[in-house]
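Peer 1: Let chain A serve as the given structure and place chain B on it in line with the hints.
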Amino acid sequence: MTDISRRSLLRAAGGAGLGLLAAPALAACGSSAAAPVRSGNVTVSLWTHDPGYVKTFQSAAKDTKLMRGSRFAYSVKPTAAAGSDVVTRMMAQAVADGDTPDLAGLIIDQFPRVMNARIAENLFVDLRDTVRPFGDDLLKLAPYSVDKVPYALDSDNSITVLYYRQDLFDKYKVPEAVETWEELLEHGERLAKDHKTSIGMVSTGDNGAIVNGFNQFLLQRGGGFFNASGELTLDSPEALEVLEFMTQGVRSGALLALPDPYGAACAAALKTGRLAATAMPNWYNAYGLQANVPDQKGRWRMRTLPRFEGGGHVGSTLGGTGIAVLKDKPHTQAALELLKRVYLTREGQILRYNNGGFLPTLQPLYRDPEFTQIEDEYLGGQRVFDVYGKAAADLPVFYQAAGMQILIDVLGGPILDALKGRTSPAAALKAGLKAYRQQVKR
Amino acid sequence: MTAPTPTRSAPAVPAAAKGASADGATSRTWWMRRQRTWAPYVFISPFYLLFGLFMLVPILVGLYLSCTEWAGLGTPQWVGLRNYRDLLSDASFWTAVGNTTLYVVFTMCVVLPASLLIAQALNARGLRGRDLFRLTYFMPVVISPIVIILVFGLFFDTEFGLLNALGQALFGFGGIDWLGDPEWAKVSVVILVLWRWTGYLTIFFLAGLQNVPRELYEAAAIDGAGPVSRFLNVTLPCLRPVTAFVAVTVLVSTAQIFDEPFLLTQGGPGESTLSVAMFIFRAGFQRQQLGYAAAAGVLLFIAVFVLGRLAMRLLRVGRDD
Numbered sequence: 001m002t003d004i005s006r007r008s009l010l011r012a013a014g015g016a017g018l019g020l021l022a023a024p025a026l027a028a029c030g031s032s033a034a035a036p037v038r039s040g041n042v043t044v045s046l047w048t049h050d051p052g053y054v055k056t057f058q059s060a061a062k063d064t065k066l067m068r069g070s071r072f073a074y075s076v077k078p079t080a081a082a083g084s085d086v087v088t089r090m091m092a093q094a095v096a097d098g099d100t101p102d103l104a105g106l107i108i109d110q111f112p113r114v115m116n117a118r119i120a121e122n123l124f125v126d127l128r129d130t131v132r133p134f135g136d137d138l139l140k141l142a143p144y145s146v147d148k149v150p151y152a153l154d155s156d157n158s159i160t161v162l163y164y165r166q167d168l169f170d171k172y173k174v175p176e177a178v179e180t181w182e183e184l185l186e187h188g189e190r191l192a193k194d195h196k197t198s199i200g201m202v203s204t205g206d207n208g209a210i211v212n213g214f215n216q217f218l219l220q221r222g223g224g225f226f227n228a229s230g231e232l233t234l235d236s237p238e239a240l241e242v243l244e245f246m247t248q249g250v251r252s253g254a255l256l257a258l259p260d261p262y263g264a265a266c267a268a269a270l271k272t273g274r275l276a277a278t279a280m281p282n283w284y285n286a287y288g289l290q291a292n293v294p295d296q297k298g299r300w301r302m303r304t305l306p307r308f309e310g311g312g313h314v315g316s317t318l319g320g321t322g323i324a325v326l327k328d329k330p331h332t333q334a335a336l337e338l339l340k341r342v343y344l345t346r347e348g349q350i351l352r353y354n355n356g357g358f359l360p361t362l363q364p365l366y367r368d369p370e371f372t373q374i375e376d377e378y379l380g381g382q383r384v385f386d387v388y389g390k391a392a393a394d395l396p397v398f399y400q401a402a403g404m405q406i407l408i409d410v411l412g413g414p415i416l417d418a419l420k421g422r423t424s425p426a427a428a429l430k431a432g433l434k435a436y437r438q439q440v441k442r
Numbered sequence: 001m002t003a004p005t006p007t008r009s010a011p012a013v014p015a016a017a018k019g020a021s022a023d024g025a026t027s028r029t030w031w032m033r034r035q036r037t038w039a040p041y042v043f044i045s046p047f048y049l050l051f052g053l054f055m056l057v058p059i060l061v062g063l064y065l066s067c068t069e070w071a072g073l074g075t076p077q078w079v080g081l082r083n084y085r086d087l088l089s090d091a092s093f094w095t096a097v098g099n100t101t102l103y104v105v106f107t108m109c110v111v112l113p114a115s116l117l118i119a120q121a122l123n124a125r126g127l128r129g130r131d132l133f134r135l136t137y138f139m140p141v142v143i144s145p146i147v148i149i150l151v152f153g154l155f156f157d158t159e160f161g162l163l164n165a166l167g168q169a170l171f172g173f174g175g176i177d178w179l180g181d182p183e184w185a186k187v188s189v190v191i192l193v194l195w196r197w198t199g200y201l202t203i204f205f206l207a208g209l210q211n212v213p214r215e216l217y218e219a220a221a222i223d224g225a226g227p228v229s230r231f232l233n234v235t236l237p238c239l240r241p242v243t244a245f246v247a248v249t250v251l252v253s254t255a256q257i258f259d260e261p262f263l264l265t266q267g268g269p270g271e272s273t274l275s276v277a278m279f280i281f282r283a284g285f286q287r288q289q290l291g292y293a294a295a296a297g298v299l300l301f302i303a304v305f306v307l308g309r310l311a312m313r314l315l316r317v318g319r320d321d
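From first to last, the protein sequence lines stand for chains A and B. Reading the first sequence from the start, the letters are residues 1 to 442 in our numbering. Reading the second sequence from the start, the letters are residues 1 to 321 in our numbering.
Derived DSS-like pairs: lysine-lysine, alpha-carbon spacing no greater than 27 Å straight-line:
| # | chain 1 | residue 1 | chain 2 | residue 2 |
| --- | --- | --- | --- | --- |
| 1 | A | K430 | B | K186 |
| 2 | A | K434 | B | K186 |
| 3 | A | K420 | B | K186 |
Here are the simulated distance ranges between beta carbons:
| # | chain 1 | residue 1 | chain 2 | residue 2 | range |
| --- | --- | --- | --- | --- | --- |
| 4 | B | P113 | A | A96 | 39 to 49 Å |
| 5 | B | I143 | A | R437 | 41 to 51 Å |
| 6 | B | P113 | A | E121 | 50 to 60 Å |
| 7 | A | K340 | B | E183 | 46 to 56 Å |
| 8 | A | A286 | B | L150 | 15 to 25 Å |
| 9 | A | R251 | B | S89 | 28 to 38 Å |
| 10 | A | G69 | B | M55 | 50 to 60 Å |
| 11 | A | Q93 | B | I146 | 20 to 30 Å |
| 12 | A | A426 | B | P145 | 33 to 43 Å |
| 13 | A | D137 | B | L50 | 54 to 64 Å |
| 14 | A | K77 | B | V57 | 28 to 38 Å |
| 15 | A | K430 | B | S89 | 18 to 28 Å |
| 16 | A | K77 | B | W195 | 38 to 48 Å |
It is worth saying that the hints were derived from the structure and are not from the lab. Glycine residues also receive a C-beta, built at the ideal position from the N, C-alpha and C atoms.
Same shape as in the complex, but just chain A:
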C-alpha cells in the first residue's frame, strides 16, 4: 500500500478540484458547434417576453394534426425575459459563443437593434426561401427585413381598428359609420365641449408611446418614417397633415392626451366614460378594454378606421413580435420547421388565434370560415373578422431602419411640444428631423 501524506492528499484534491473547475470553463471557451439534429426528439428553446407565444408553441408541439409528417418530436423550453432583454442577452450569448435560443421573440421596436452592423444576418436564418411560396399573401414581413431580406415572421397582424362605445355614440348622436377622421373630429369637438368626452386619444408619456401613436396615424394616412431602402421619409406632407390633425384634436378636446394607452390614467378615462372611442390595434381589445373595463362588456364595438380626407388606408398597424430562428445551431432545422408549421399553415394560424388571439398573417385566411364565423362576446357578439378582413385588405406597409430608436428619441419631444401647443407641427417635425440627421451621422 502506498503511503499518502496529508500534504500529497491535499495537493491531489486541490489539483482535482481545479481540474473540475477548469473543465467547464475550458468547455465554455470552446466552440459550441455541434452536429445538426435532423430527426427525432428535439427540445426547442424559445426566448420571449409574452406567455402567449409560449402557450402557442407548446400547444403546437403537442398538436398531432399540426405536426403530422414531421421528422421531429417537439418539446418547447421557454425562457421568459423582458422584450429588450431577449435581444440584449441573445447578443451577449452570441458574443460569448454561449447558449442562444433556437427561437427568439423580437418585439417590433427591438428589431432595429439587430439591423445594425449585420447582426441580423449573422444571427438569424434568412427566411427568403421560406416565405417565397406565399408571395404577397404573407403580411407584415417588412418590419423584420434588412435589405429586403426577412429574418422574422410576425406573430400578429396588429391591425388597428376604431373601438367605440356604441351606447355613447347613440346617446351623443355620433354616426357609427362616419366616413372620415375630419368628420369624426367635428363630432369629437362637440362631445368634448358638451359632455367632456373624447373620441380618441394621443399618447403624451414616453417618447416611444408618443411616436408610436403618431406613426399609427401616419401609416394610415399613407406616410411612414422610412422607405423599403431604409431612407428617412418623414419629411412629407402626410406627416405634417397627421401632426396637424393630432394637434387640432388635442386642442379641441376631441382627442384626449394620456400618458399611454394602457396605464392607470387611461383606465380611469375608460371607466369614467371620458373616452368614447379609440383607434388601437386588435390586441387592445384584450389588454386595454377587457383588462381595464370588463364591466363595459357588450357596450363596445369596432369598425375600420375612418379615412383621412387626403387619402390613405382604412387600416393601420401598431406593435407586433417577430419570431426569428437562430442560425448554425444543432436545432436550427427543427426550429425552422416548427416555425413554418405554426406560422405558415392554416392550422398553425388557427392555433395561434385560439391560444393567444393572434391575427392571421396570411391574407387569404381573413376569408376563411374558421375565422369569419368568430364572434366576440365583449364586443356584443360582433363578427370581428368582417372588420379585420376589410382592414387587412388595405393595410399600409411599415418599414423600419437601424436608426429607428434614434428617431423615436429625437421625435418624441418635438411631437409632444406640438401636441401641447408649445410649437407648431411644422416646426416640431423640422426639429425632429434636424436632430435625427445630427445623431445618425455620428
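Peer 2: Relative to the frame of chain A, chain B by itself:
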C-alpha cells in the same frame, strides 16, 4: 579514489543518493522559505483576483471599448478618441449632464437636510410610536419600483391625477402637466427622489443621533443653549462623520441616478429628465452604440471618482481631528 568510510551514525549511502538527499534538503528549505514568503500573498490573493476580474478587467475593457465602434456583435472597430469628441459635441449628452447635476444638487441641498431634520424629530425624547414612524419613512425603500411608478404615474397624471385633484380642491388650480411639461417633469422626478430616499437616509442620521451623548445636551442646556443652539453646536458637530459618509454616498449614487427618471418619465418629455446613466443605457442597449456608451461611461466614472474624492477630502471622511 577513496572508498567512502561508513560511520556508525549514518548508514552507508551511495554518493549520488547523498547528493540527491542534500539537494532535496536544500530544495525543501528553499520551498519552505518561499512558502513563508508567499503564504500571506496567497491568503490575500482571492480578494485581488476577484478585484482584478470584476473591477479592473471591466474598467480596462470599458476603456478599450470607448475607443471603438461596436454594435454588440462582430469585431469592434478602433476609432481612437472619436467617441469622446462626439460626446462633447452631443447636445443630448449635455442635457443629461445638466439634468444629473440638478438631481445631485437637489439631493444634496434638500434630501440630505430633510433626512437630518426628520431624524432629529424621530430622536426626540418621549416620542410615541417611534418604530411606526421609522417603518413608515423606511417603507419607500422596500416597495417595488414598479409599484411606486404605477402609483406615482397616477398621482402625477394631468387629467386624473391626485395632485391636480388636490390642487383643484384646495387652491382652485390643478392644471399642472406634471409629466408632460419639461420643467414640471423634472420637478416630478425630484419629488419622487425626495419621497424615496429621505426615509432611508433618515435611518443613518438616526443611528448617528443615538450615539450623541446626552450629557453634552445637558451641559449645553446648563450653559443656556436653546434648541437651535444645541442643534448647531452639539448635534451637527457630533454627526459630522455620519453626515460626511451619507453625503459622499448620496453624491456618488445620485450622480448615477437611473431608476426614477427611467421608470417615471423614460427620460422624457423629449430628453428633459434624461440622466447620464440613462443616456449610457440608451446608447448601449437601445441604439447598439456600445463604444459610444462606453465612452460616456468612462466620463461618468471619472466625474463620479473625482467628485467622490473631492467630497471625501472636503468632508474629511475617515480622518480623526
